[in-house]
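Trainee: Put together the whole structure using the sequences plus the hints.
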Amino acid sequence: MEKSICEQHEKLYAELDKFIEEIHADGSALIEVLHKAQQLFGHLPVEVQEYIAEKLNIPVSKVFGVVTFYSFFTMKPRGKHQIKVCLGTACYVKGADRLMDRFKEELGVEEDGVTKDGLFSLHGVRCLGACSMAPVVMIGENDFYGRVTPDEVPKIIRNYTK
Amino acid sequence: MAVSTNTILICAGGACISAGEKSVKQVLEEKLREYALDGVVRVVETGCMGACDLGPIVAVFPEGVYYQKVNAENVKKIVEEHILKGRVVEEMLFEGPQGKITEEVHEEHPFFKKQVKIATRNLGIIDPMNIDEYIARDGYFALIKTLTQMSPEEVIETVKKSGLRGRGGAGFPTGLKWELTRKSPADKKFVVCNADEGDPGAFMDRSILEGDPHTVLEAMTIAGYAIGGQKGYVYVRAEYPLAIERLRNAIKQAREYGFLGENILGTDFSFDIEIRIGAGAFVCGEETALMNSIEGKRGQPNVKPPYPAQKGLWGYPTLINNVETFANIPPIIIKGADWFASIGTETSKGTKVFALAGKVKNTGIVEVPMGITLRELIYDIGGGVPNGKKLKAIQTGGPSGGCIPAEYLDTPVDYESLKKLGAIMGSGGMIVMDEDTCMVDVAKFFLQFTVDESCGKCVPCREGTKRMLEILEKITSGEGEEEDIEKLEELGQTIIDSSLCGLGQTAPNPVLSTLKYFKDEYEAHVKEKICPAKVCKSLIRYVIDPDKCVGCTACARVCPVNAISGEVRKIHNIDPEICTRCGSCIEVCRFGAISKVSP
Ligand SMILES: Cc1cc2nc3c(=O)[nH]c(=O)nc-3n(C[C@H](O)[C@H](O)[C@H](O)COP(=O)(O)O)c2cc1C
Ligand code: SF4
Ligand code: SF4
Ligand code: FES
Ligand code: FES
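Residue numbers (the working numbering), protein chains in the order written: chain E, 1 to 162; chain S, 1 to 599.
None of these hints come from the bench; they were simulated from the model.
Hints may contain errors.
[To be verified] Okay, derived cross-link-like pairs now, DSS-like style, lysine-lysine, Cα gap no bigger than 25 Å in a straight line:
hint : chain 1 : residue 1 : chain 2 : residue 2
1    : E       : Lys155    : S       : Lys69
2    : S       : Lys183    : S       : Lys231
3    : E       : Lys62     : S       : Lys297
4    : S       : Lys534    : S       : Lys474
5    : S       : Lys297    : E       : Lys36
6    : S       : Lys297    : E       : Lys76
7    : E       : Lys104    : S       : Lys466
8    : S       : Lys519    : S       : Lys420
9    : S       : Lys252    : E       : Lys36
10   : S       : Lys22     : E       : Lys155
[Stated by the list, open to error] Now the stretches of chain S that chain E is said to cover, found in silico as 3 or more residues with beta-carbon under 8 Å:
hint : region
11   : 270-282
12   : 293-300
13   : 580-592
[Stated by the list, open to error] A short list of chain E residues far from chain S (calculated; beta carbon distances all over 12 Å):
hint : residue
14   : Lys11
15   : Ala14
16   : Leu40
17   : Pro77
18   : Lys80
19   : Thr115
20   : Gly118
21   : Leu119
22   : Thr161
23   : Lys162
For each residue, glycine too, the CB sits at the ideal point set by N, CA and C.
Mentor: In structure tokens form, the structure reads like this:
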């Protein structure tokens with residue numbers, strides 16, 4: 001297995017090693033290590049899970065059990081731009097479901113789906129803590145849209161296709 | 001000139017950051033530099049100021065003038081007019097429900113006057129990244145007082161006497177929990193702060209963590225002293241990166257100042273705190289599931305007893321309290337139990353923080369004395385329902401809670417009164433719903449949430465909620481049968497009676513409480529196939545009124561599925577077979593020609 005991983009991956013694994021060492025991780029730090037790994041690799045494929053299991057000296061089944069339990073972790077790659085539509089209560093009351101429908105229609109994917117070109121993935125999330133601006137949409141980690149109406153959706157998507 | 005003493009506070013709470021706080025701050029600082037004022041006017045980023053829908057908010061002190069909806073453009077006026085010339089910028093003044101708030105009257109305004117700030121006392125006032133500002137507001141004095149003047153028993157006695165109850169939802173007496181944990185014999189004990197804030201429409205705890213992280217650390221350390229613990233964990237949800245960052249910084253500073261670590265303040269008491277990050281599972285807010293998660297396991301609940309006070313983290317006695325519960329502790333220690341107990345009602349002491357949202361004019365974080373009526377909360381503080389719509393119901397307690405109909409507006413907000421109505425105090429989410437909200441759809445929304453979040457450990461919760469959701473889907477799509485309503489009630493009761501943890505035991509509440517107060521609405525869906533609030537897609541149609549349509553083509557142009565036909569200046573028509581009920585056309589028609597009808 002070692003040889004097949006390309007150079008870029010090797011760098012990521014090295015960074016993960018460093019993190020594990022820094023926090024003196026043992027089995028109880030599994031969730032933190034997974035957070036870091038997902039941040040580095042974008043998702044958590046089986047190889048990465050096996051690697052972590054070996055590093056922390058715990059069974060792979062435990063790692064797998066944890067990854068599948070928490071919705072934050074994903075084994076599938078996500079889109080380059082992750083579109084997060086808030087489906088929290090305040091946003092729901094202000095029509096978030098219609099927004100979600102429009103995103104699905106415009107992108108041609110279902111919730112948690114990735115567009116064919118890999119550019120977007122669509123996710124429903126719970127309360128982004130900006131209920132005053134409901135309904136809200138967040139793209140990636142920094143781009144925030146408040147009081148969004150469904151017909152603004154195509155325009156928002158276009159910001160990322162240019 | 002007043003210039004030399006000015007401080008400009010700029011809200012860096014979640015909503016204000018989303019509304020562009022960072023660019024406002026940048027321009028503000030540039031402008032101050034331009035006028036060589038950067039040495040004399042201090043710019044401080046604070047936590048949420050509570051009026052999130054009007055953000056970004058900027059306040060100029062010592063005058064106490066608040067400005068709303070500040071942007072990178074108009075912030076220049078604050079510098080050029082207010083700071084340089086001493087003239088208040090009228091048109092940008094903060095506007096509460098009763099009009100603009102100008103200098104000085106601040107405290108008199110109902111929006112502020114009806115609020116009593118204990119847990120949120122420092123929010124919007126101090127820089128959460130600076131421990132000195134916390135100290136300047138009596139920060140860490142409570143810790144000093146406990147370590148130097150009080151025995152652990154005295155601390156517990158004080159908390160007991162204050163009448164403080166858990167703010168995480170269940171309302172268990174805090175002092176009693178501390179005492180139970182103290183009395184469990186063990187050589188190791190832990191303190192955990194529950195900052196998982198799972199209610200999907202609430203952000204009180206987040207605001208406290210982001211706006212005043214030291215208060216949580218101070219209180220946890222006091223708790224550690226009281227129960228005889230050595231180590232604390234704050235369990236924060238991964239969705240709150242800013243809270244995590246500010247907490248990390250606060251822990252670092254507290255260690256540097258000797259408020260955390262070995263031999264705190266030269267005493268023989270040692271205590272340290274670490275952060276643990278969640279990974280997106282609602283059930284992890286439940287205390288036993290949360291502790292499993294801290295241990296790095298799947299976050300599934302355990303059977304209680306044993307309670308965490310007896311057997312918690314890694315089998316050791318563990319005290320677990322909510323963020324807001326902890327935030328009340330330092331003031332109780334400093335001002336005394338009697339002071340705290342003088343606020344609130346007979347059984348519910350102190351205040352409660354709510355995240356007010358939904359169909360209400362002023363949304364944001366409010367802290368009110370227990371016993372205030374819902375009417376005061378929604379109308380005097382919240383400013384009522386916008387757009388001339390009628391209030392229909394108030395939802396508290398999120399997916400574990402219930403809906404309170406408008407008739408009960410004069411109910412006092414306390415643990416018992418809300419429970420009597422079939423709702424709960426909950427952790428503080430308060431969603432206002434107006435006449436455009438369909439209560440069956442609301443019930444479906446919450447059920448969908450529990451179905452997604454059930455951990456799957458027990459059958460009634462896992463399968464029962466699914467069955468209930470199916471029935472609700474049937475009803476909202478016009479396929480409901482009369483016995484379905486009864487089935488919902490029966491299933492709900494079974495799930496309540498036989499689920500292992502609080503998630504399952506409360507999951508049916510949103511359905512049962514809407515059934516209790518809005519049964520006619522369920523019946524309209526089932527018997528007449530009508531959605532009275534015109535929400536359920538299968539039961540409504542969009543139609544164009546030929547008398548009002550002028551043929552402007554606006555609707556046809558926005559319709560994403562080309563369901564609207566008609567030529568320029570001719571009457572338009574919607575094909576119900578193609579229409580997806582997206583609602584876009586209604587929003588763009590300037591002639592009010594499009595409406596929803598049911599059936
Ligand atoms: C499904 C479920 C979710 C919960 N979520 C939270 C939460 O997000 N935050 C919280 O403080 N308590 C939550 N609780 C309550 C905790 O189990 C626990 O009672 C609380 O943290 C105790 O602190 P307190 O006494 O200070 O309220 C939840 C309970 C259940 C059953
Ligand atoms: S009641 Fe539901 S969430 Fe709680 S343990 Fe059972 S299945 Fe899990
Ligand atoms: S509701 Fe949406 S789909 Fe239906 S006609 Fe209007 S714009 Fe078109
Ligand atoms: S419910 Fe969407 S931001 Fe809170
Ligand atoms: S986030 Fe700024 S007022 Fe709430």
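Trainee: For the pair supplied as a hint, Lys297 of chain S and Lys36 of chain E, confirm whether the alpha-carbon distance does not exceed 25 Å.
Mentor: holds, 17 Å
Trainee: Is it true that the CA of Lys519 of chain S sits at most 25 Å from the CA of Lys420 of chain S?
Mentor: holds, 18 Å
Trainee: For Lys22 of chain S and Lys155 of chain E, compute the direct alpha-carbon distance and say whether it is at most 25 Å.
Mentor: Given pair Lys22 of chain S, Lys155 of chain E holds - Cα atoms ~24 Å apart, limit 25 Å.
Trainee: Count the residues of the region 293-300 of chain S whose CB lies closer than 8 Å to any CB of chain E, then report whether that count reaches three.
Mentor: Result for this restraint: holds, n = 8.
Trainee: Given the hinted pair Lys62 of chain E and Lys297 of chain S, is their Cα-Cα distance within 25 Å?
Mentor: holds, 8 Å
Trainee: At 12 Å, judged by beta carbons, does Thr115 of chain E keep clear of chain S as stated?
Mentor: Correct as stated: the minimum Cβ-Cβ distance to chain S is 17 Å, above 12 Å.
Trainee: Take a quick look at whether Lys252 of chain S and Lys36 of chain E sit within 25 Å of each other, Cα to Cα.
Mentor: Holds. Lys252 of chain S to Lys36 of chain E sits at ~21 Å (cutoff 25 Å).
Trainee: Checking one constraint from the list: CA of Lys155 of chain E to CA of Lys69 of chain S, max 25 Å. Satisfied?
Mentor: holds, 24 Å
Trainee: For Lys80 of chain E, which was marked as not at the interface, is the minimum beta-carbon distance to chain S over 12 Å?
Mentor: holds, 20 Å
Trainee: Could you grab the alpha-carbon distance between Lys183 of chain S and Lys231 of chain S and see if it respects the 25 Å cut-off?
Mentor: holds, 17 Å
Trainee: Is Lys534 of chain S within 25 Å of Lys474 of chain S, Cα to Cα?
Mentor: holds, 16 Å
Trainee: Would you assess whether Lys162 of chain E, listed as outside the interface, keeps its beta-carbon beyond 12 Å of every beta-carbon in chain S?
Mentor: holds, 21 Å
Comparing the model with each earlier hint shows no violations; every hint is respected.
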